[in-house]
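Build out the structure end to end from the sequences listed, making use of the hints.
Chains as they are written, first to last, in the numbering used here: chain A, 35 to 204; chain B, 527 to 626; chain C, 469 to 1135.
Just so you know, the hints here were simulated from the structure itself, not pulled from any lab data.
A virtual CB, placed ideally from N, CA and C, is assigned to each residue, including glycine.
Heads up, a few of these hints could be off.
Chain C is faced by these chain A residues, among others (derived, beta-carbon under 10 Å) [unchecked claim]:
#1 Gly98
#2 Ile134
#3 Arg145
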Amino acid sequence: MDISTIFFTIVSVVAVVSALLVVTCKNPINSALSLILTFFCLATFYAMLEAPFMAAIQVIVYAGAIMVLIVFTIMLLNIRADANKKSFHNVPLGIVVGIITLLTAGSFLARGKVSDLPGQITPNIIHQVGHTELIGAVMFTEFILPFEITSILLLAAIVGAVILAKRNLS
Amino acid sequence: MDNLSNYLILSAVLFSIGTIGVLVRRNIIVMFMCIELMLNAVNLTFVALSRHLGNLDGQVFVFFIMTVAAAEAAVGLAMFIAFFNNRESIDADDASLMKW
Amino acid sequence: MFDNVWLIPLFPLIGFLINGLLGKKIKNETVIGGIASLAVFGSFIVSCKTFLGLISLPADKRVVDVKIFSWITAGNFNADIAFLIDPLSCLMILIVTGIGFLIHIYSIGYMHGEDGFYRFFAYLNLFIFSMLLLVLGNNLLLMFVGWEGVGLCSYLLIGYYFKKKSAGDAGKKAFVMNRVGDFGFLLGIFGLFWYLGQNHNVWTVQFTELSNSAHLLPTGGIVTFITLCFFLGATGKSAQIPLYTWLPDAMEGPTPVSALIHAATMVTAGVYMIGRMSYIFVRAPETMVVVAVVGACTALFAATIGTAQNDIKRVLAYSTVSQLGYMVLAMGVGAFTAGVFHLMTHAFFKACLFLGSGAVIHSMHGALHHVHSHDDAQDMRNMGGLKKYMPLTFLTFLIATIAIAGIPGFSGFFSKDEILWQAFANPLHGGLNTFLWAMGAVAAGLTAFYMFRLVFMTFFGETRIKAGAEKYLHESPMVIVIPLIVLAALSIVGGYVGIPKLIGDVFGGIPNYLEHYLHPVFANANAYMAAHAHTAHHSHALEWGLMGTSVVIALIGISIAAFLYLVNPTLPAKFTATFPGLHRAVYNKWYIDELYDFVIVNPCKTLGRFLWRGFDVVVIDGLVNGVAHVVMAFGGVVRYLQTGQVYSYAWTMAFGVVVIIGYYLFK
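This is the structure:
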């Protein structure tokens, strides 16, 4: 058992536990903090998978921006775990569906076969050229159109968010 | 890379946990966070397979998913605020005007 | 040469648009009337230019198609917006724009101060536009557009005083009866198009092409059916038996409208249409018999009704129906030139008569209004002795009356006599000819009688208007009188373009200009008749004799009128008292309207009511509502699937995902 496997095991246990905490914590703030931990674990995995750029934006965008937004909203709405109100519903059924999902995915993995043909982007090339540069080259050549469309999507989201938050729907 | 299957299994576990969370929680914000969790589980699959196949396309997809998630967060949270302003609640069960 | 032809219908269209869209804002009557009159005058000028251009061509080149643009092209079917310039259409546009212009001028005076002055002129311009399309169209479809357009304008203008119920009803009646005819016209177009296309691969509705392929048509058979359909259209538009009853009712419209649309132009459209397709009609001998008999019957029948009417405009209306009967008779006996000739002269003198009666009514109305009397301004029993109050109107009216009565030297004599002679001498109908001639001659006598009865009752004798009102009677303003004078002059000289050969020879061989002029139009039909019918030769003595007879009959009619209404004014009342039944029947128009109500209108209403209450309400509405109820019931059940709860949608989604993935896994 080499060091990377041990490391992987530890991090994945942390990831699963924190993910479970997201679901089980009654207080949304605790859920949010657990989720941030999960995101950090995922960033670690990305780093282990020779994808440092993904790891960086995982931390910056997800753990940073999005989670800050969520925490901010929770604070703004001043939501607390209300003892009088149930936090859960349909728990047994939910767990059953979750397990079915897991089994389905598992059997999917068990039956599926992943190609063993190695592509051109080997770890060596990543180390030589740099991961960010490689991603950038793909993003601004092959995926330039989706990239631009994404920017329009973000603009629409900004406008939508402003309008929704501003207008008094009552 | 032998541990591809480990990543995929981990991803499946996280996805299932996220699914359960969406189904059993009543708090809209927690449901939203569980959806983010599911998205991240998928992202992990993408990156792992991208690494395995030596192809960066999967990582570009992850990038786009993150963008969409950011947009979703902005709009979704704005909706929650609007909903809260109306109902003094963020319980999904209270969003039932569409009910027959 | 005819590059400017498109301007002819364009001017009135522009006038219509200006007055129709902006008239309400313009308000100034002089401007509105001026625009409308100028538009028609512009058309008249271009028409004159076209006419001069046409007669400068050699006779055999006088049929010109001027294509403006492609209109409909679908498969074998092709129709252009294109104008046919030939002697007939040229004559018609001259009549339409010329008389139309005079009547526009007249209307400025006559309609002064009426509500919706601009509306009147807009409709009038629209009418001129449609009528020009009708006569200029080089194919049946464009002609039909004009045909419908004039019908619409007729409806709008009859119902011009729409606040009066009778006017609205008359408009509807005219429209519906015309629709019956239009239906026949359409069937005729379809039939002709289909027959020629199906059997001879000539897919066309264009007149010149139809003329060229007329020899492909058989004699009788399908052609009889097609021409009868066309003739049904003509009876509707030209007010022939059985569809004539709308025309007398159409007198509810303003008098200039009666003069322009219901005397001079629109009602002659049916005659024009038969003339336009003469080469098809002559190939259906049975149809020609029907046309001739219907024409003769209408001429006689309407004339009898005209003898007992007291409303000045109604007399003229029945006179119009009767004269249209003459024209149709002429068409039916193959005397196309004579028919068109009578169309022209009739347009002159009948327009003059209507406008003269309008002047009388105008004056009467004003005078009665001054003394706050509610007497009918159109009833001849309230008139009498107007000669000294309205000398110019009287003079023009008298000239036109002499013209219509058929006194030699005036236009009506030449055209009517030509028709009567042709009715007697035509080669088509054999033994029927004598009857046709006799009916026409009797109708001519009746015409002379009722027209002079009208003149005597209106202008002669003592003034019967309510006491005190006579000092308000006055001659009309110049805008009204000048058109009358022009038309009266035309009523005299209009006949000299078509002097019969018999008379022409006496005066040193004056040719029949009109016949030469129209020859290219009817050459096809005449050639067919010459080849297929046996022309009998009649002596000149017989022709002179018949001419003399018809003049004598006319003079007898005039004498009776003079005897009854000038010398012995009490006699008519006695006569009425002696034969009350006959008088009542004639006065009530032989109860034809009542007959139609009983035979057609009421059964249709009953059927309609049954279809409404029985079929529509129960079956159709039941079906429609039933479908809606089924949908509602189904939706009522299915809507319980939509819980409106967010989590239930999430559940459904998760379930769906699992099912889909499962399907791919275990398939």
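Results for each hint:
no.: 1; hint: Gly98; verdict: violated (28 Å)
no.: 2; hint: Ile134; verdict: holds (6 Å)
no.: 3; hint: Arg145; verdict: holds (7 Å)
Violated hints amount to a single one, hint 1; each of the other numbered hints is respected by the structure.
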